[in-house]
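> Here is what each chain is made of, one letter per residue.
Protein chains: 2
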Amino acid sequence: MPYRSIPRMVIKRLPLYLRILDNLIKRDVEIVSSRSLSEITGFSAEQIRKDFAYFGAFGTRGSGYNTEYLRERILTIIGLNRQTSVIIVGMGHLGTAISRYNIAKNPYINIVGLFDRDPQVIGQKIFDLEVKDAKQLKDFITEAKIKVAIVTVPAECAQEVVDELAEGGVTAILNMAPVRLQVPKGVHIHYADLTIEIHSLIYYSSETERDIEELEAL
Amino acid sequence: MPYRSIPRMVIKRLPLYLRILDNLIKRDVEIVSSRSLSEITGFSAEQIRKDFAYFGAFGTRGSGYNTEYLRERILTIIGLNRQTSVIIVGMGHLGTAISRYNIAKNPYINIVGLFDRDPQVIGQKIFDLEVKDAKQLKDFITEAKIKVAIVTVPAECAQEVVDELAEGGVTAILNMAPVRLQVPKGVHIHYADLTIEIHSLIYYSSETERDIEELEAL
Numbered sequence: 000m001p002y003r004s005i006p007r008m009v010i011k012r013l014p015l016y017l018r019i020l021d022n023l024i025k026r027d028v029e030i031v032s033s034r035s036l037s038e039i040t041g042f043s044a045e046q047i048r049k050d051f052a053y054f055g056a057f058g059t060r061g062s063g064y065n066t067e068y069l070r071e072r073i074l075t076i077i078g079l080n081r082q083t084s085v086i087i088v089g090m091g092h093l094g095t096a097i098s099r100y101n102i103a104k105n106p107y108i109n110i111v112g113l114f115d116r117d118p119q120v121i122g123q124k125i126f127d128l129e130v131k132d133a134k135q136l137k138d139f140i141t142e143a144k145i146k147v148a149i150v151t152v153p154a155e156c157a158q159e160v161v162d163e164l165a166e167g168g169v170t171a172i173l174n175m176a177p178v179r180l181q182v183p184k185g186v187h188i189h190y191a192d193l194t195i196e197i198h199s200l201i202y203y204s205s206e207t208e209r210d211i212e213e214l215e216a217l
Numbered sequence: 000m001p002y003r004s005i006p007r008m009v010i011k012r013l014p015l016y017l018r019i020l021d022n023l024i025k026r027d028v029e030i031v032s033s034r035s036l037s038e039i040t041g042f043s044a045e046q047i048r049k050d051f052a053y054f055g056a057f058g059t060r061g062s063g064y065n066t067e068y069l070r071e072r073i074l075t076i077i078g079l080n081r082q083t084s085v086i087i088v089g090m091g092h093l094g095t096a097i098s099r100y101n102i103a104k105n106p107y108i109n110i111v112g113l114f115d116r117d118p119q120v121i122g123q124k125i126f127d128l129e130v131k132d133a134k135q136l137k138d139f140i141t142e143a144k145i146k147v148a149i150v151t152v153p154a155e156c157a158q159e160v161v162d163e164l165a166e167g168g169v170t171a172i173l174n175m176a177p178v179r180l181q182v183p184k185g186v187h188i189h190y191a192d193l194t195i196e197i198h199s200l201i202y203y204s205s206e207t208e209r210d211i212e213e214l215e216a217l
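Those sequence lines, one after another, are chains P and A. The first sequence begins at 0 in numbering that gives the first Met the number 0 and counts up by one. The second sequence begins at 0 in numbering that gives the first Met the number 0 and counts up by one.
It is worth saying that the hints were derived from the structure and are not from the lab. It cannot be assumed that every hint is accurate.
Copies of the same chain are indistinguishable here, so a pair counts whether it falls within one copy or spans any two.
To be verified - In silico DSSO-like cross-links for lysine-lysine, where the CA-CA straight-line distance does not exceed 27 Å:
1) Lys49 / Lys134
2) Lys49 / Lys11
3) Lys137 / Lys184
4) Lys11 / Lys124
5) Lys104 / Lys144
Excised from the complex, chain P in its bound form (with noise of 0.2 Å):
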């Protein structure tokens, strides 16, 4: 288990790491050095050189890290070196949205169902996925032996989803909904919560304006 002391917060950086070092590839880039990555990321060198570091990827002095090497480690680490399958429970406009945007492009997932409740919603197709019937849901992530979902319903459902998805036995689950939800232990979630987001920003928002009055103030 060489790799259980990795930080929750490095842990959280790697995806970032991993998609810019993808980029750096894809252009054919094949050393990159940490002040580079800092310009790209905002975080510094240091901080970068001491993360790379916690999976024994060291840098040479002056010369930088291989691109390909590094993908390579995070990959491994993440577990992302096999395609990983996800589900998607809750086909309203935001699971539409990830199915078909931010999924469907990612190398590293393969999203092999979804589900919806709406009779209206269930048998569409998106690419050349069924809209299955939520009913379905806990024979299906027990027989595809499913371990990640990704959950989009609304608020007053989630938590009965996510039971659902634990006793099916998902570790794994990324809420959307905008509601705190109760998981038994082993299972780790996830919160993506938009409006979170929003609120928290808005206070950026304001607090530039405070600074604004503070100087006019002088």
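We have chain P; now place chain A onto it with these hints.
For chain A alone, kept in the frame of chain P given last:
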């Protein structure tokens, strides 16, 4: 400037407290203890008491916090005590999802402009708002003094859009395009990047697998 010393991590938790308080007030709950809030949020009761103490909200020992008072304090700190005008640039699936679902129901935010550059999308109506031509973006934000924008354009156009927003006076941007961007000093940019969220989630799904393998090997 009594709030300037509130740490960023506390600010990030405020919108979550706000949502919980909104729900409690809707159900006529007048008093809430840090312990109940701890059960709902998953944060420790001590953490919650510390967060609230930052803005001078002290509970009464053994009885708790007044929900209305606490909500008012939080609204004032975030700057949600008056409605904030927000625009969305990029009316693909994600922009449409946000404008229809997340925001339409939000009492603190007023979506006042939707923009896209696709002639097929320009002129479409979402509720009572017509999607405008992105060419009008800068004039619109300057005239309407817009400070907050959500960007859901493709990665390759995001920097250009963000530059225009900053030039037009926007100070807080939620970027949902899967790319890191440069903003001038005084402009805050937050990233709500679903791919990144999903990738870091996969780490935790395989962590659980690793735990199980470890247990089984004993």
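> Hints numbered earlier in the text: which of these fail when held up against the supplied structure?
Structure breaks hints 1, 4.
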